[in-house]
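Please take these sequences and the hints and turn them into a complete structure.
Residue numbers (my numbering), protein chains in the order written: chain H, 1 to 357; chain W, 1001 to 1357; chain L, 2001 to 2325; chain B, 3001 to 3325.
Everything labelled a hint here was simulated from the structure, so no lab data went into it. Do not take every clue at face value.
Unchecked claim - Just the calculated beta-carbon pair ranges, DEER-fashion: (1) B:Asp3221 / W:Gln1340: 34 to 44 Å; (2) B:Asp3221 / H:Glu273: 45 to 55 Å; (3) W:Asp1265 / L:Ala2048: 12 to 22 Å; (4) W:Phe1009 / H:Leu31: 31 to 41 Å.
To be verified - Chain B regions said to be covered by chain W (calculated; three or more residues, Cβ under 8 Å): (5) 3088-3100; (6) 3239-3245.
Claimed, not checked - Here are a few chain B residues that sit away from chain L, every Cβ distance over 12 Å (derived from the structure): (7) Asp3023; (8) Pro3185; (9) Val3198.
Quick reminder that beta carbons are idealized off the backbone N, C-alpha and C, glycines included.
Residue strings, one per chain:
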Amino acid sequence: MPRETVAEFTIHSVQVLAEDGTIDAELVPSLTDDELLECYTAMKRARRLDERAISLQRRGELGTYAPAIGQEAAQIGSAFALAADDWVVPSFREQPALLVRGTSPQSVLEYAMGMEEGAEIPADANALPPAIPVGSQPLHAVGVGWGESIQGRPNVALTYFGDGATSEGDVYEALNFAGVYDAQTVFVCQNNRYAISTRLEDQTAAETLAQKAVAAGIDGIRVDGNDVLAVYRVVSEAIERARQGEPTLVEALTYRRSMHTTSDDPSVYRDPEEADEWEARDPIVRFQVFLEEQGILDADTKAQIDDQVETEIAEAIGQANERRERLDPADLFKYVYAEQPPELERQAAAFEGDRDD
Amino acid sequence: MPRETVAEFTIHSVQVLAEDGTIDAELVPSLTDDELLECYTAMKRARRLDERAISLQRRGELGTYAPAIGQEAAQIGSAFALAADDWVVPSFREQPALLVRGTSPQSVLEYAMGMEEGAEIPADANALPPAIPVGSQPLHAVGVGWGESIQGRPNVALTYFGDGATSEGDVYEALNFAGVYDAQTVFVCQNNRYAISTRLEDQTAAETLAQKAVAAGIDGIRVDGNDVLAVYRVVSEAIERARQGEPTLVEALTYRRSMHTTSDDPSVYRDPEEADEWEARDPIVRFQVFLEEQGILDADTKAQIDDQVETEIAEAIGQANERRERLDPADLFKYVYAEQPPELERQAAAFEGDRDD
Amino acid sequence: MTERLRVVEAVRETLREELAADDSVVVYGEDIGRAGGVFRATEGLLEAYPDRVFDAPVAEAGIVGVGVGLAATGLRPVAEIQFQSFLYQGFHQLVQHVARMRSRTRGTVTCPMTIRMPYGGGIHALELHSESFEAGFAHVPGLTVVIPASPAETAGLLRSAIRSPDPVVFMEPTRLYRSVREEVPDEHEIPLGEARVVDTGEDATVIAWGSMLRETLDAVDSVENETGASIEVIDPRTISPLDTETIIESVQKTGRCVVVHEAPKTSGMAGEIIARLNEEAFFYLEAPVERVTGYDVPVPLFAREDAFLPDRTRIEAGIERVLES
Amino acid sequence: MTERLRVVEAVRETLREELAADDSVVVYGEDIGRAGGVFRATEGLLEAYPDRVFDAPVAEAGIVGVGVGLAATGLRPVAEIQFQSFLYQGFHQLVQHVARMRSRTRGTVTCPMTIRMPYGGGIHALELHSESFEAGFAHVPGLTVVIPASPAETAGLLRSAIRSPDPVVFMEPTRLYRSVREEVPDEHEIPLGEARVVDTGEDATVIAWGSMLRETLDAVDSVENETGASIEVIDPRTISPLDTETIIESVQKTGRCVVVHEAPKTSGMAGEIIARLNEEAFFYLEAPVERVTGYDVPVPLFAREDAFLPDRTRIEAGIERVLES
Ligand SMILES: Cc1ncc(C[n+]2csc(CCOP(=O)(O)OP(=O)(O)O)c2C)c(N)n1
Ligand SMILES: Cc1ncc(C[n+]2csc(CCOP(=O)(O)OP(=O)(O)O)c2C)c(N)n1
Ligand SMILES: [Mg+2]
Ligand SMILES: [Mg+2]
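Written as structure tokens, this is what we have:
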């Protein structure tokens, strides 16, 4: 066998709705007009919430905020593909996906106001809170997907992470565990080209991120992450495979159009031209043109959606502000253990004492 | 581009000296008869040291010991390919490679006697001490290979680890860093089929370990790890590429013929038949038959080598025992910091005080 | 029916009973399945519960991290880390997620996970197989850190750990795995957070846990014999959250105290205990509290291990110093 | 020529000078190159030293681990971890290799690596951006743990850290990065392992470091004004190995002591300091040593951060308690 081939791998990439508006009729997912509009509304809502959050932050009303502007198709196309009882395991930039899954804009804002209230998970929501440590949450998604399978339930876990996260050992361990345990898990890597300031070529020598799957012996595929139909299509298939115990890594090629977080100034490390280029490739615009051309979206509906979104967010801001006013700092002590240990009781009492002084 | 191919990968496997004795003339490395005999002697020395160590451990004279019996071709073929100033970064089962690189059998024994003396690295030896935490040392090898390149030196670092280690995030991070920094590093993964009791299929869903390289965008190749000529050939090429800043992951397919360590009883988790099968495929036997058939090794030389090895090891045992007798427990305090901090001085003094009582 | 068991058997039987009692218990770790664990602590469990006992890849961050997800789905993960020092590979998952899932989400997501592992010296093991980092774990709010000191204690505490609504780092003294047998009551359960007064006494309090408790009891015996002093011995059992009350009460009575641990001295648990005594029993203390601990050096390879570990002689000397001053 | 610099500038200038002074210094970390660091602490360094300043992939175990290898080849790696809590991702490399390379090899291989990172609260940052784990690092023998409290101290200590033959965990108080300016002497060097008596006094000793020192000085001022007491303030600067002598001497004089830190109370450095006082100054102590620290809870998100962090009021109360009892 002097020199023989023992394994071969191919990474595919999928696009359904091209930038020039051409559609791949074979791959286009079968969604009703209402579903398509719902999807569009979700994208607009997410975009608007991010925009409002940035300006609230600028006015000192929110803390550090990580907008997902430009990544709405990657997140909403994928979140839309989930069934009601499936799970979402997000990082810190997943407002669009979370909103689709039922998290309220109010919660998003509360979290950005530095309130744990914004990370409460309602009893019926299958989700985990935002994970700040890069790359740490895919392992949780594997645990969820494996746990569901141990308990004989069909639910899958979908987790999001970025291009930078793929450098963390945890992400690799997650992919590898998923392969070993046939975890009902889908990995969506949003390759938005940057990890803060770091470009992909300084992150890895790999030419695609989808090929990280090869190391774990699971499927990897790339999708145009600014094409919501393609993302929906590819992730739907991945979800169905995951229900059978076959995990997939989906690399969604997209672009972070705004700052890393509100503490970041991208002009330090990237060309304004690059941003312009990607403005033209905005995922919402592409989808909107498609909906208009198909006669699904007209000017009235568009205006109505804009109004609706504006009202929702304005209300959410009001509610979040109200909750902030009622915030009790002493809650600090409440949720550390199921039952408060004596030493913590003493500390809580001392805290109350100090407050009374 | 609806669905297009964006990347393709192929994993090759190399064998030079087949189990049936056939040789691939094109691939056979150009080694002199003396070099071939040196290589054979190294294999015999390593095997014999492991055997003696196991029996010394059984008599209570050594602590836990991890024999490399069956893996001599993988280690010695690769270590032989290094130049004098290259580095070796081993795990805990690399006695064969270390011996080739100049570590004395005495040091190996001292380490197994629980003495840090056995992990001293002579000033001119480019090596790091045995790493016990699985998968932790490839990152060091990347640092070495990168550090040599930063300093404009041609030296490469060769690191060893096992099949189990490939599951650790650290190993993936090491491969990925190597790709990013063009580290002058060669990764030799000895796939000996087991991580203690755990078989490869419970370790990863990947069909080869060489393909772990794909995730990092570096080269990966498999070699028959029981074929010392193939290992030498493949690793020589990898070393030359590494000198140019192109790291490679080499998966050497081999088999751990004895116990994981002397604390382990493999009969709990594997068939005796399996061991028999691999006894027949022993790397030393295969190489010996080749040398005999080529007229390089005759019965006299063989006996002479056996004698020489026996004497060396007997002497090493004597020397290690002597050094153990001279061991000063107070050395405990000596090498923690370059300069002893006052608190440690106090503790050292208290220790001496206690000893004098 | 009580049984005479070793520590390692107490672990195994408790795991078996908890697997039987609660379908949501899953047990996993490196080599814990087909091989039954490197110390045989999980022997036979895979055969008995093939759907809830799993061998894991060699990846501790993975082992800790997937536990967070398993727990979120309603399971009770019981993970083994092969040796305590390798929990460092998953330390970030432990601190960033396991310990804080409850507080991050105001109690809406929890992580009732048990992470068990052998720890400590005394068996002449390889490098990094003998560490004791309980003080570091105790510095992480949200964790419960438990160390048993005998077979019955192991069974009782491990059961409570598995049933705890909060994550528990369960550190088993390797040195005791096979060294003693003891009656272990069936379905034994010992509440977490409560120290045990192992021996009552009037003249000094000695605090020790894990395998140091045995050394301590030996030392106390011989000091009592030699000096006629009467010494109280306390095993905190739960290192964090610590049962301060029991310790304070004892030292308020005895006025003298020795704390023993194998971990390095600086920033070890003895410091914390002394600080609490300083706060709550200051005016009762008749002598400086003595620390008998590992030195501030990495645990050496085994040829020098005995020099590192506190032993009966050093503990005796500590007790004598505190009695004399 | 001295310059008035902020802490973040002191870091930058010291790095620049050390890169200039010693060809073996290499600087790397996430976003430290092209972007100049998320706090701009490394701004301009890549341009000035393109062959020795590197952006790193997002992988902290990798960042710590490669440092071991870089150091082995004769380089002096100076790595940045973007926030202290993410050093946990590389905690195993730190404990298992960085800290013990010297002792494992009897001094034949060493690891003169500096790992610098912002730490601590007070800037309303995201979750896990405000932690203070100095006590945990101090429990790892072989490490030197340093925390500066002003621009000049930053420059002087960072220089010594980079030049140290041993690995240094260098924790920079985020809250001070831009808040104060101070004269920084050129080529300033402050020996590691030596505490600084910031203010002398007779009635009590207050020990604080990092950004807590500033709060402490404010609190001390107001207590001194209100009560007429004279208070000594000590900044250990090197948290480990700790300069016990300076602390003991002071408390032997004042008889009263308060220790302030932002890290959670249990198993924090205050415990260790109290234990040393107990050992060396027991008979001088006139009152229990006070601890003013973070609570035993995970650092909350920023809306509750002020409630968590010790502030001037809490420190004042602590000093008053110790003066009164
Ligand atoms: C473990 C860890 N290391 C570093 C950071 C600091 N950090 C926050 S986001 C980020 C970059 C993440 O990049 P990527 O994964 O591409 O996600 P993106 O921000 O682009 O969504 C870094 C380094 C962190 N939060 N966690
Ligand atoms: C980080 C870490 N986890 C676990 C262990 C315990 N352990 C020692 S060797 C080993 C298996 C290693 O398998 P492999 O990488 O295949 O190397 P081999 O032993 O076969 O040479 C394990 C799990 C360890 N030493 N370090
Ligand atoms: Mg990104
Ligand atoms: Mg193996």
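Consistency of the hints with the structure:
The given range of 34 to 44 Å is respected by B:Asp3221 and W:Gln1340, whose C-beta atoms sit roughly 38 Å from each other. Between B:Asp3221 and H:Glu273, the C-beta spacing of about 54 Å keeps the proposed range 45 to 55 Å intact. For the pair W:Asp1265 and L:Ala2048, the beta carbons lie near 21 Å from each other, so the given range of 12 to 22 Å is met. For W:Phe1009 paired with H:Leu31, a C-beta distance near 34 Å keeps the hint of 31 to 41 Å intact.
Here the region 3088-3100 of chain B counts 4 residues with a CB under 8 Å from a CB of chain W, which clears the bar of 3, and the coverage holds. Counting residues of the region 3239-3245 of chain B whose C-beta sits closer than 8 Å to any C-beta of chain W gives 5, which meets the bar of three, so the coverage hint holds. Distance check for B:Asp3023 against chain L: the nearest CB is about 31 Å away, which clears 12 Å, and the non-interface claim stands. Listed as a non-interface residue, B:Pro3185 keeps its Cβ farther than 12 Å from every Cβ of chain L; the least gap is roughly 32 Å.
For B:Val3198, the non-interface assignment is confirmed: its Cβ lies about 23 Å from the closest Cβ of chain L, beyond the 12 Å cut-off.
In the structure shown, no violation is registered for any of the earlier numbered hints.
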